[in-house]
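These are the residues of each chain, in order.
2 protein chains.
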Amino acid sequence: MSKMNAFYAQSGGVTAVINASACGVIETCRKHKDKIGKVYAGRNGIIGALTEDLIDTNKETKSTIAALRYTPSGAFGSCRYKLKSLEQNKREYERLIEVFKAHNIGYFFYNGGGDSADTCLKVSQIGKTLGYPITAVHIPKTVDNDLPITDNCPGFGSVAKYIATSTMEASYDVASMCATSTKVFVLEVMGRHAGWIAAAGAMASTKDNEIPIVVLFPEVKFRQAKFLKAVKEKVKKFGYCSVVVSEGVHWPDGRFLAETGLKDAFGHSQLGGAAPVIANMIQDKLGLKYHWAVADYLQRAARHIASKSDVEQAYATGKAGVEYALAGYNSVMPAIKRVSNSPYKWKITKAPLSKVANVEKMMPASFISKDGFGITQRCRNYLEPLIRGEDYPPYNKNGLPKYAQLKKVAVPKKCKPFKVK
Amino acid sequence: MSKMNAFYAQSGGVTAVINASACGVIETCRKHKDKIGKVYAGRNGIIGALTEDLIDTNKETKSTIAALRYTPSGAFGSCRYKLKSLEQNKREYERLIEVFKAHNIGYFFYNGGGDSADTCLKVSQIGKTLGYPITAVHIPKTVDNDLPITDNCPGFGSVAKYIATSTMEASYDVASMCATSTKVFVLEVMGRHAGWIAAAGAMASTKDNEIPIVVLFPEVKFRQAKFLKAVKEKVKKFGYCSVVVSEGVHWPDGRFLAETGLKDAFGHSQLGGAAPVIANMIQDKLGLKYHWAVADYLQRAARHIASKSDVEQAYATGKAGVEYALAGYNSVMPAIKRVSNSPYKWKITKAPLSKVANVEKMMPASFISKDGFGITQRCRNYLEPLIRGEDYPPYNKNGLPKYAQLKKVAVPKKCKPFKVK
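For the record, the sequence lines run as chains A and B.
Just so we're aligned, residue 1 is where the first sequence starts under our numbering, counting upward by one.
Just so we're aligned, residue 1001 is where the second sequence starts under our numbering, counting upward by one.
Next comes chain A alone, as it looks inside the complex (with noise of 0.2 Å):
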């Protein structure tokens, strides 16, 4: 039998250490030439396979594809879709065995979060489903921090860290300017179902170290007076006060806070943050002054402080996709497993596909404090080692980092065109 060729491919929101597992996946084929091939790209996702838009990694150096270690981002593509079921969209995956068939493409390693692994599970089966036999693992990536089975998801690391380190910094700030200026500053992360970077945010505050942080999880249901006494008490002591509100945070009745009523001149309803809504509360009920951020895709693009344990992780999930794969693995997804705490150990198991699709991974009401607006001891020995060590890329004399920028040379077609419906 011909050696057979890989096929990788990223898959929904991006993070800072996507790349890294990229990186582990295409080093780890490259060491073993004698049972893979090539390594085709898929881009923008499993897009790439539909409409055989695959990229040669082949032809990038080998410093190139190191460097999507530290490369923030998904350098191939990634994209928002999920193959249906079979029978609703057998088309779909005929032309996935058309494209693998064409490039002799045994291996199909696909790099995401829940949705991801569902399209990874349905691939995985169309060997039994019809008949074409493939190796499909799932590389699990996710800032969300909501897969089951694995201890955390690669991804989430650096951006708890990001979010760790900016709450610590701009805490800092509003402590120096709160005698005659702003008092709270609120800074709004992702997360709309779980408040694992929520959580990270409390993180800036510690022992030796207190500074006064009000947590709003997506958990926990948002209570108006609860919350503004918790502010008003915290400012009252410290003279200031941060606020972390997660993009999920909900009012009782469901709706979300950054959906609450906000217009804009022509009637129509603002898709703001969160984050304004609670500042303009604190204005409007406690009377203080305020500043607010909304983090966004900074958060998880930070790849300039990303967590050295993060990017080990991804790297390594990549790798041991790899393995399981030559492995004869089929259907599975490398999961981190945490041996042990102090020191902080780690390692790689399988885990079944079937069991990771479609589960979200919530915050454990354990690691959330009894008021609901902090973390746990729990939560934060869970959190600490995630966030630890700097793993900083390096940079150009221009000042900006040095990110991997690739030649995505396009493999020849060989089948018709297929549109994506």
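I should point out that these hints are in silico values taken from the structure, not numbers from a laboratory.
Be aware that one or more of the hints could be misleading.
A partial selection of chain B residues facing chain A, derived with a Cβ cut-off under 8 Å [claimed, not checked]:
# : residue
1 : V1174
2 : A1175
3 : N1209
4 : A1302
5 : Y1382
Only a predicted model underlies this, so the values are computations on that prediction, with no experimental measurement involved.
Using N, Cα and C, we set each Cβ at its ideal position, and we do this for glycine too.
With the hints as your guide, set chain B onto chain A.
For chain B alone, coordinates are given in the frame of chain A:
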């Protein structure tokens, strides 16, 4: 004559490197123990002098003072408080003299921007006007980069590095997502009057690594149709676009974009940012999916990605300030003079405070590209050395920066209480 003590205070919005100036002042004073006694820091700027709320910096260890070099924000507390003229508020000047006399203060170092230069200038004149001889030196600081005479302002280089890097990283992110999701990313940056910080966003794109970025400067009146056309063209060519919008951008009639008719549920004007206004415009008029961020305090507090040039200049201006004072210069400010661009060389020179106070330096027209949405090569040549080099803080084992923690021991009071009006 007995040795005189020194007073040091921080004023206005803080920066990532104002404490590096404090470090320069205090370490240099400590080196001249024969001439300068103690360094008393005003708690919360000039307010600390008026209320006799002084911090004895001699109680801080050598290593704590050294740590100020890499600690963001104002370690001694800042203030937004401008002394009125002597005619309007003689009471405060007399009070300053009372406190200075009581604590044998003969040197006054004030670390701030344009308004603070005015306060420092007024203090420098109380020798003549009220017969209390004091040597007053202004140490420049402002992220806005709008002080005259000095080539650039300590604090600006670091925020510029943060914005350039963040714009680059977030642009990589949206480039990854644009095939099926977000096509425009909007980042709001500081700068109510001057577009220096917004200009830094344009630095993310270079000849070797072109990134589609549209910059909105406060110096350029906002023309909606022209702006939307520019974004549309970039999206057509690149598939995506980043917009860096200064908080001070305004309509041709002078209204800020940020106050364009947003109302909350109660009909109050929503004090939102410019970014959501731009983002909604892009959705309404171009039908493109967007993300937006507001960097706010994060940008000026981000010591974790400070510019090395900036840290060095912040320290150097603090050091030079003390040396000027010791040489008998009153009412001056150490200014940065660019000696050459390539290689970048600079030195510190004396600027008369009377020419600094209350003068704002805007972006020169020659720095803004013809279409009004970018920067010229001249601007690049100016900005590049300012964001060059990294100067990382040390980190704790918990993954967070190890910033200075001061004891801030209060100097025993000798005067009667005084109420700041």
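Query - Interface hint for B/Y1382, Cβ within 8 Å of any Cβ on chain A - result: 13 Å, violated
Query raised in the report: Does B/V1174 meet its interface restraint, that is, does its C-beta lie within less than 8 Å of any C-beta in chain A?
Result: Hint on B/V1174: holds, closest Cβ of chain A at ~7 Å, below 8 Å.
**Report entry** Hint check: 8 Å Cβ-Cβ cutoff, B/A1302 to chain A
**Finding:** 6 Å, holds
Requested in this report: Under 8 Å, Cβ to Cβ, is where B/N1209 needs to be relative to chain A, so tell me if that hint holds or is violated.
Outcome: 6 Å, holds
Query raised in the report: Minimum Cβ distance from B/A1175 to chain A below 8 Å?
Result: 7 Å, holds
When the structure is compared with the earlier hints, a violation turns up for hint 5 alone.
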